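K.L.:
Sequence:
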Amino acid sequence: MSSAVRVLCLSLLLLLAVAPVATAAEAWTVAPSGGGRPSFYAEGAPGTVQQDTVSVTNRGDEPVTVRLHGTGVPIAFADTAVRVPARTRAEVPFTVTVSPGTAPGDRSGEIVARDTDGRERTVPLRLRVTGPELSALTVEHVRVHPDGITYELVNRGTTTLAPSLAIRADGVFGRLLDGAPRPLSVDLPPGSRTKLTEPWPDRPALDAVDVRLTVTAAGGASDTARVSARFVPWGAVAGVGGFVVAAGASFVVRHRGRRRPDDGDSVETEQPYKQAELTGAGT
29 MSSAVRVLCL
39 SLLLLLAVAP
49 VATAAEAWTV
59 APSGGGRPSF
69 YAEGAPGTVQ
79 QDTVSVTNRG
89 DEPVTVRLHG
99 TGVPIAFADT
109 AVRVPARTRA
119 EVPFTVTVSP
129 GTAPGDRSGE
139 IVARDTDGRE
149 RTVPLRLRVT
159 GPELSALTVE
169 HVRVHPDGIT
179 YELVNRGTTT
189 LAPSLAIRAD
199 GVFGRLLDGA
209 PRPLSVDLPP
219 GSRTKLTEPW
229 PDRPALDAVD
239 VRLTVTAAGG
249 ASDTARVSAR
259 FVPWGAVAGV
269 GGFVVAAGAS
279 FVVRHRGRRR
289 PDDGDSVETE
299 QPYKQAELTG
309 AGT
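In this note's numbering, the protein residues as written are 29 to 311.
The set of hints was computed from the structure by calculation and includes no laboratory data. Watch out, some of these pointers could steer you wrong.
Computed beta-carbon distance windows for the label pairs [to be verified]:
(1) S250 <-> H97: 40 to 48 Å
(2) T158 <-> T242: 30 to 38 Å
(3) H97 <-> D230: 49 to 57 Å
Values in this document were obtained by computation on a predicted structure and should not be read as measured data. Idealized CB from N, CA, C, for every residue including glycine.
Based on the provided sequences and hints, a complete structural model is requested.
P.N.:
Here is the structure:
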């Protein structure tokens, strides 16, 4: 036998040895029922239930048992544990529930099948929730702190929002902030609440200010919130207060020093003194 024939025979033997392992690993598949669909798609309004069927095909020579579950969206199967005989296909109905109050938009999920050996197959599922789209938001809990301005944004609508912020601050001595609207680096899903901080590094040390925050987003969403704040340099105030207290104490001590007890009486009387007249003449 020539060397070429020996190599060919050896190659065929290797292929025959490897092929059964690969076939066993790929013996079963999962796909949308009916064929021709690479993924599942469901569409409905809040409160509705959508139905479909998943096929589990066993092309192997041994029965296979798989467990089914869904991710991302509410999926309920007619049977979560399916035993599929050899060279057989099982059709498993399932439902997708669109919960009441769900905001319109797209949701993504998967149908996952797992056999007893730990092998998994997945099929994508996309759910589109229908309904009117409403853009609405509010600005709440605005506070001025030493390190900036904090506030909360709440998405009151049914669409995801990418808001922009404009901030303005007026003090006794004029305009302190007057920023043009700029995009914020947040996305607000429907019903979400986000707390944010706007830095204010050069805020005044002494002033009374009115701050106004205006937030806008696509679809006509807009809201404005206002807050007033008073900036007082308490360190300086404490220093002035200490000086006043010290001056007052000094006055009391001097005032008492001018009083002496009378010879026949224990009651202290003020010693008379003459106040110098301020004439402006030098001495």
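K.L.:
Each hint should be assessed against the structure and marked as holding or not.
P.N.:
Outcome of the hint check:
no. : hint                      : in the structure
1   : S250 <-> H97: 40 to 48 Å  : holds, 43 Å
2   : T158 <-> T242: 30 to 38 Å : holds, 32 Å
3   : H97 <-> D230: 49 to 57 Å  : holds, 56 Å
The structure shown violates none of the earlier numbered hints.
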